[in-house]
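Chains as they are written, first to last, in the numbering used here: chain A, 1 to 321; chain B, 322 to 612.
Simulated from the structure, these hints should not be mistaken for lab results.
Just so it is clear, CB atoms sit at the ideal spot from N, CA and C, and this is done for glycine as well.
Heads up, a few of these hints could be off.
[Claimed, not checked] Derived DEER-like restraints, expressed as beta-carbon distance ranges: (1) GLU391/B with LEU171/A: 29 to 39 Å; (2) GLY511/B with SER312/A: 48 to 58 Å; (3) ARG520/B with ARG28/A: 23 to 33 Å; (4) LEU304/A with PHE595/B: 36 to 46 Å; (5) ARG520/B with LEU33/A: 20 to 30 Å; (6) TYR63/A with THR473/B: 45 to 55 Å.
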Amino acid sequence: MNTADPLNAPVKATQRKPKPGRLMLTPRNRRELRKIAVGLVFIAPWIVGFLALNLYPIIASFYYSLTRYSPISSPRFIGLFNYEKLLYFDPLFIKALANTLYFVVFAVPLGNMLALALAVLLNQKVKGLSVFRTIFYLPSILPLVATSIVWTWLLHPQYGAVSVIMAELGLPVISWFSDPQWAKPALIMMSMWGTGWMMLIYLAALQDVPQELYDVASLDGASLWRKFRHVTVPMISPIILFNTIVGLIGAFQYFTEAYIITEGGPGDSTLFYSLYLFNNAFAYFKMGYASAMAWILFLIILILTFLIFRTSAKRVYYHGN
Amino acid sequence: MRGRKPPQPMIFHFGIKRANINNIVSFVLLVALSAAFILPLFWMITTSLKPIDQLLLDPPVWIPNPLEFENYPNALEEQPFLQYLGNSLQIAVAAVIGAIISNSLVAYGFSRVEWKGRDVVFVLVLSTLMLPYHVVMIPLFVSFSKIGWVNTWLPLIVPAWLGHPFFIFMLRQFMLGIPKELSEATRIDGGSEWVLLTRVILPLCKPALATVALFQFIWSWNDFIGPLIYLNDRDLYPMSLGLALYHNSQGITDFSILMAASTMAVVPIILIFFFMQRVFIQGISLTGLKG
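Model the full assembly from the supplied sequences, consistent with the hints where possible.
Written as structure tokens, this is what we have:
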């Protein structure tokens, strides 16, 4: 990368052989070390954070997952017992995992598609672009506790605005958050309302697609849809991949809305993975058990991300670098 | 990433007539979708202004008459929401200061100083973005309780002082865009790295720093699981936690007060957004996520 820079060029075999067992510092080596030291001083805050907030906790968490551990006693090693119990003897774990997969499978693609659709619409030369952009983006940065409470009231089966509108349109009345069938779809709907940040990323990407490509496609008589499919989508495919992965990681950790609105109910229909994990750790004080859950989640996310990267490798187009 | 040509509006070319029709269709769709997106906030605000006897009407009143502003003082009386707001503000500001300082330093070390192994370490920085919070949540809680930080704001503030991969990435991209010659000139004049960072580089990074400040403020303001885990003492609650506990302790009859409280939690973020909209939109481009 820096071959032009003599200071950074790989150090060639030194002219004089250093005596064995003794470290010889040529002036060049010394400069090199000094630069490393300067670099490390600047990134010191991150190093401390990495060790204390990432590396140590990862190791500790893995150790805890092999123990029985409540805050009042010290961890007791029990091998893989937590994992066995989770996978074979805990129906609630399976339920939580299934609920989360349901949420991920619908919320991530739907949110992504809505965000892309909004971005494409906004990218036409429409009047009032900044007003629309604000309206779509704002919900995604509002405090989730407040918006969750608002949605509880919005989807109230009797007095909520949505129920009223649906009744007026002659649609059946749905009890949303108090119906095990509808609680998850209601939360998915709410998550789509918060897709504005993705839309903004798409919008920025769309504005970078060269106009010439569309002009050429027009000359060839391509329809709107074909242009979208064969120009827009390939050109922004790295962004689609990025949004999908970020969305996926977020959806697997879905917590606040379920905690506030449904508290896992009705009938455990919204007991999501993170919620069950949180309950195990901080309500039942099963820290070891919860740590095992965290590691299973971690593995699921890693494997899925890897698979998505692998399967998308051929379809993602990186122009330039 | 910077210095590229100004964003070109993309229009589908079909001759003027087709383009016009497309525009009209897009506009109508956008209006309809906007209405759907606004509905929850509209419902929140109108409910917060409803007198109690108009709250549970069937069919409901869309716009209450008369407007009941008393719900706001009532909300403040029910719960110390003003104190919660003040706590949120203090936590967020402390975190923002830390985020600006730490991420500037770290990003500088990853962009303007050349050292062996830098880019390998940087990959490590980015890889931590993949780590789910739940993996570190329990050991962090255990550690923080051992050093007596539980029931203080420290676990909510101190991590912000240790850099965040997202901000480091963003600032690094920005700093890489500043010409190298600028650094060389200062170094030749005998300026130290510190002088270079504070006098030359950071002043040029103002837009990126503003983005860091905004995002950190919003994250801290909105954070719920952190306060939920660490705070027990009501006097320390930020808005998110105070609102959640108030919600869980209330029945349906208090929805107008709940909506008044929710509005108070939401309004600071809306105000910040409107005052700094430009920075927000910029922030997305700064992350280098474009194309």
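(message) Just to be sure I understand the hint, the distance between the Cβ atoms of LEU304/A and PHE595/B should be within 36 to 46 Å; is that true here?
(response) holds, 38 Å
(request) Could you check the hint for me, namely that GLU391/B and LEU171/A are 29 to 39 Å apart, CB to CB? (result) holds, 35 Å
(request) Evaluate the given range 23 to 33 Å for the C-beta pair formed by ARG520/B and ARG28/A. (result) holds, 29 Å
(request) Kindly confirm whether 45 to 55 Å is satisfied by the beta carbon distance between TYR63/A and THR473/B. (result) At roughly 26 Å between Cβ atoms, THR473/B and TYR63/A fall outside 45 to 55 Å, so the hint is violated.
(request) Mind checking the hinted window 20 to 30 Å against the Cβ distance between ARG520/B and LEU33/A? (result) Holds, since ARG520/B and LEU33/A (Cβ atoms, about 26 Å apart) stay within the stated range.
(request) Can you let me know if the beta-carbon spacing of GLY511/B and SER312/A is within 48 to 58 Å? (result) holds, 51 Å
Of the numbered hints given earlier, the model fails hint 6 alone.
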